[in-house]
Amino acid sequence: MEWKLPSAICQNQLLFPCPVSKVEPSGAPGRRMLCGSPIHCSLLAFVVSTLVLQVPQGHSAPLTVTGPPGPITVAKGEDVVLPCSFSPGQNAQDTEVTWFREQFSPFVHRYKWGQDQFGEQMVQYQGFSPGQNAQDTEVTWFREQFSPFVHRYKLGQDQFGEQMVQYQGRTELGKDGLAKGSADLRIFHVQLSDTGNYTCFVRRGSDYDEAVVELKVTANVVLDPDTAHCDLVLSDNRKRVTRAYTPQHIHYNDKRFNPWRCVLGCEGFTSGRHYWEVEVENAGRWAVGIFRDGVERKREIEFKPEEGIWAVGKRPELKAFTSTSPTEFPEIKAPRRIRVSLDYEMGQVSFFSVDEGIPIFTFPRVSFGGKDIYPWFWLGPGTCLKMCP
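In this text, residue positions in the sequence shown follow UniProt numbering: the first is 1, and each later residue adds one.
I should point out that these hints are in silico values taken from the structure, not numbers from a laboratory. It is possible that part of the hints are untrue.
[Stated by the list, open to error] With a cut-off of at most 25 Å between alpha-carbon atoms, the simulated BS3-like pairs for lysine-lysine come out as follows:
| hint | residue 1 | residue 2 |
| --- | --- | --- |
| 1 | LYS255 | LYS298 |
| 2 | LYS216 | LYS239 |
| 3 | LYS304 | LYS333 |
| 4 | LYS371 | LYS76 |
| 5 | LYS154 | LYS175 |
| 6 | LYS154 | LYS180 |
| 7 | LYS255 | LYS239 |
| 8 | LYS314 | LYS333 |
| 9 | LYS239 | LYS314 |
[To be verified] Pairwise CB distance ranges (calculated):
| hint | residue 1 | residue 2 | range |
| --- | --- | --- | --- |
| 10 | THR246 | LYS386 | 20 to 26 Å |
| 11 | SER87 | CYS388 | 33 to 39 Å |
| 12 | GLY156 | ARG337 | 42 to 48 Å |
| 13 | SER367 | SER87 | 46 to 52 Å |
| 14 | GLY156 | VAL233 | 53 to 59 Å |
| 15 | SER367 | PHE160 | 36 to 42 Å |
| 16 | ASP293 | GLY382 | 28 to 34 Å |
| 17 | MET346 | ALA61 | 40 to 46 Å |
| 18 | GLU296 | ASP176 | 55 to 61 Å |
On a predicted model such as this, the values are computed, not experimentally measured, just so you know. Here a beta-carbon is modelled for each residue, glycine too, at the ideal position from N, C-alpha and C.
Please construct the entire structure, taking both the sequences and the accompanying hints into account.
Structure below.
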């Protein structure tokens, strides 16, 4: 027999010496070791709070949980299935499955970045002080629990008592697949706030394992016809824009760009993380990015942050429209599909080539000052851009 310590304790030798002599490998893609990181190990500390004496169970196979090899991407408003499989399969009645977000709060006490962090400390433990002072050490103590959760299945039925409010009525575990080793979770009507990492935790008696699934939610960008220059023609579903060679006869609007051939997305953002993808349907000139509300639209404007525009485009070569002068990327092929990523609170705007799977450019961080930020597009002659999906 062997003594097995909670992974959260094993993670930090400063807290307790770890006598376990064997560590399991991480295995398949999407799965992480139980002691992979401080946050991750702390999340699993709810399993045990003291040493557990385990008796070897013959040749029974250990429980193994596996997630997908890469992130799951879905558009805002659609339904999504987060895949999770485990082996060996078992009777659903004996299976406990919990999906939760990668977080652990409130806590008993947290020490991080060289100082105590009391922001989400449990009320009954306020006033406790740790004996740690190392700048590079993070220590978190919390009770034997991991709630609230996204979805929990236990004792043969769903458990909704401590489900996170934002997921109530929006989740469904595929219970029919449990006997075959499937713990897939369906989330209905996905929101932008659902973006992030999810942990699929499966327990069978004293044996347990987990896998992480990353969910990416794209902003469902619909173009605003009231902002489109008269040379830009929008499709009926407002997901595609083409620059025509002759202007349309459309009514005057204070929101409309002139003389620049620009158009904005309908929805503006004042918080959160968002990203969307744009497909270039021909080899013309183009630029995509974000636009800060309040910038004058009825004059000549320069594409740069000082003008309220953070953008990357092909004019005629691929470049980022940075302050003073553009930053060119002669080594990167102009993508046919480009991703724009916005983190409002962090003040960060990044661009990626979906074709090559590589980053293109990230602008220096900036404060948006509470202003609305809109998806922004500029088209050269004959160019057509399509919003994806």
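Hints, verified against the model:
This hinted pair checks out: LYS255 and LYS298 have alpha carbons roughly 9 Å apart, not beyond 25 Å. Using a Cα cut-off of 25 Å, the hinted pair LYS216 and LYS239 holds, with the two alpha carbons roughly 20 Å apart. At most 25 Å may separate the alpha-carbon atoms for a hinted pair to count; LYS304 and LYS333 meet this at roughly 22 Å. About 22 Å separates the Cα atoms of LYS371 and LYS76, which keeps this hinted pair within 25 Å; it holds.
This hinted pair checks out: LYS154 and LYS175 have alpha carbons roughly 11 Å apart, not beyond 25 Å. For the hint pairing LYS154 with LYS180, the CA-to-CA distance comes to about 17 Å; that is within 25 Å, so the pair holds. Note on LYS255 and LYS239: the hinted pairing holds, with a Cα-Cα distance of about 19 Å set against a maximum of 25 Å. At roughly 10 Å between alpha-carbon atoms, LYS314 and LYS333 fall within 25 Å of each other, so this suggested pair holds.
Distance check on the hinted pair: LYS239 and LYS314 sit about 21 Å apart at the alpha-carbon level, within 25 Å; holds. Look at THR246 against LYS386: about 22 Å separates their beta carbons, and that is inside 20 to 26 Å. Checking the proposed 33 to 39 Å range against SER87 and CYS388 shows it holds: the Cβ atoms sit about 36 Å from each other. Taking the beta carbon of each, GLY156 and ARG337 are about 45 Å apart, inside 42 to 48 Å as hinted.
As the Cβ distance of SER367 to SER87 is approximately 49 Å, the hint placing it in 46 to 52 Å holds. Distance hint check: the CB atoms of GLY156 and VAL233 are about 57 Å apart, consistent with the given range 53 to 59 Å. For the pair SER367 and PHE160, the supplied restraint of 36 to 42 Å holds, since their beta-carbon distance comes to about 40 Å. The supplied range of 28 to 34 Å is met by ASP293 and GLY382, whose beta-carbon atoms lie about 29 Å from each other.
Separated by about 44 Å at the C-beta atoms, MET346 and ALA61 satisfy the suggested range of 40 to 46 Å. For GLU296 and ASP176, the Cβ-Cβ distance of about 58 Å falls inside the hinted range of 55 to 61 Å, so the restraint holds.
When held up to the earlier numbered hints, the structure conflicts with none and fits them all.
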